[in-house]
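> Using the hints, position chain Y against chain S.
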Amino acid sequence: MTRAMSSSTRRPEPIHLDFRTKGGQVIVAPNDEDRFSLTIQEAAMACKAGQKQVLFGRQFERGLLPKLAVWTDQNQEKLERAYLTLGDGRLLFLVVRKNVPFDSEFEDRLSDLDLQIAQDEELGLIHLSVLALPKVSRTCYESFLDTRMTLEYGGLHGD
Amino acid sequence: MGTEAEHLKRAQKNGRAIEYLLLKLGDHPEWVATIAFYKALHLVDALLYHEFQAHGGNHDNRDRQIKTNHRYSHIAKFYGQLLRASLLARYLDDPRVAFEDVFPPEKVKSEILDHMLSQLEHSVSTFLSQSPKPSTAARK
Chain S
1 MTRAMSSSTR RPEPIHLDFR TKGGQVIVAP NDEDRFSLTI QEAAMACKAG QKQVLFGRQF
61 ERGLLPKLAV WTDQNQEKLE RAYLTLGDGR LLFLVVRKNV PFDSEFEDRL SDLDLQIAQD
121 EELGLIHLSV LALPKVSRTC YESFLDTRMT LEYGGLHGD
Chain Y
1001 MGTEAEHLKR AQKNGRAIEY LLLKLGDHPE WVATIAFYKA LHLVDALLYH EFQAHGGNHD
1061 NRDRQIKTNH RYSHIAKFYG QLLRASLLAR YLDDPRVAFE DVFPPEKVKS EILDHMLSQL
1121 EHSVSTFLSQ SPKPSTAARK
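The listed protein sequences correspond, in order, to chains S and Y. All residue numbers for the first sequence refer to our numbering, where the first residue is 1 and numbers rise by one. All residue numbers for the second sequence refer to our numbering, where the first residue is 1001 and numbers rise by one.
To be clear, the hints were calculated from the coordinates, so they are not data collected in a lab. Glycine residues also receive a C-beta, built at the ideal position from the N, C-alpha and C atoms. There's no promise every hint is true.
What the hints assert, rightly or not - Covered by chain Y, per the in silico footprint, the following chain S stretches (three or more residues, Cβ under 8 Å):
id, segment
1, 87-100
2, 115-124
3, 134-143
To be verified - Heads up, simulated PhoX-like pairs for lysine-lysine below, C-alpha to C-alpha not over 20 Å straight-line:
id, chain 1, residue 1, chain 2, residue 2
4, S, 67, S, 78
5, S, 78, S, 98
6, S, 78, S, 135
7, S, 98, Y, 1107
8, S, 135, Y, 1107
9, Y, 1013, Y, 1109
The shape of chain S in the complex, shown without the other chains:
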């Protein structure tokens, strides 16, 4: 696995995502629209979307982000943090659990999410992997985040 390299310069803050439901739909709102636009471009390159950037953007913003938001919300009692970043040339949904010991039930839920997204024909351009870290230090989980693109799902750890 190619790990994100630590930089001697300050690591940029992740783009924070808040989400709410409106009319039965999940709306995901970034706290920095300019950086968010660049994020979609990075994600498109990671997923090798090529000439289909517009379609990718739609799948990314209206499909993937809300799905991950719903899952994060449904599992928040076991989650400390949730990020969407890049890893090994594709998107990586990285979560940090609240506990250390392996949790097989949680891992099954993560597997279900992984397969649900992979098999969703409306997310055909999305190439995603998932990873759950145990409760670890900030230095540790940040080493898995790619400085080019990190979105953080809000509302998990008191912010």
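Chain Y alone, transformed into the frame defined by chain S:
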């Protein structure tokens, strides 16, 4: 690159390495987890060769081939879990949390070997015992 038989041979070799390390599981839980993943990788490549006469090629392609096809969902589930356990074994670097804190030796045995790897092996062997279906390329 290898054929179905060659990948099965490599999977068996990985299995023997696991058996050897189980004698000292407390000393080498990370290696058992890592080799369990690579055994699974060769089993999946054997499956893909059986079905499509071509193995995974690279991690990304292998991952997509089994995840996007409903027929392989059970295999993909446990392949993913083995991969993630091996990532923790190889890359978890925290001053206060070691791999053994997440997977103590008894969990390496019960969860990684006797559950994840066993489930994957069983599913793969079911496919390998059948004639391959007509080629169905991954949808994505």
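> Each hint needs a verdict: does it hold in this structure or not?
Status of the hints after comparison with the structure:
1. Chain Y is given as covering the segment 87-100 of chain S, and this holds because 4 residues of the stretch bring a CB closer than 8 Å to a CB of that chain, at least three being needed.
2. Here the segment 115-124 of chain S counts 5 residues with a CB under 8 Å from a CB of chain Y, which clears the bar of 3, and the coverage holds.
3. Counting residues of the segment 134-143 of chain S whose C-beta lies closer than 8 Å to any C-beta of chain Y gives 7; at least three are required, and the coverage claim holds.
4. Under the criterion of a C-alpha separation no larger than 20 Å, the hint pairing residue 67 of chain S with residue 78 of chain S is consistent with the structure, at around 18 Å.
5. Between residue 78 of chain S and residue 98 of chain S the CA atoms are separated by roughly 6 Å; this keeps the pair inside 20 Å, and the hint holds.
6. With a CA separation close to 10 Å, the supplied pair residue 78 of chain S and residue 135 of chain S stays within the 20 Å bound.
7. Of the supplied pair hints, the one linking residue 98 of chain S and residue 1107 of chain Y holds, its CA atoms being roughly 19 Å apart against a limit of 20 Å.
8. Distance check on the hinted pair: residue 135 of chain S and residue 1107 of chain Y sit about 18 Å apart at the alpha-carbon level, within 20 Å; holds.
9. Taking the CA atoms of residue 1013 of chain Y and residue 1109 of chain Y, the gap is about 18 Å. The hint holds against a cut of 20 Å.
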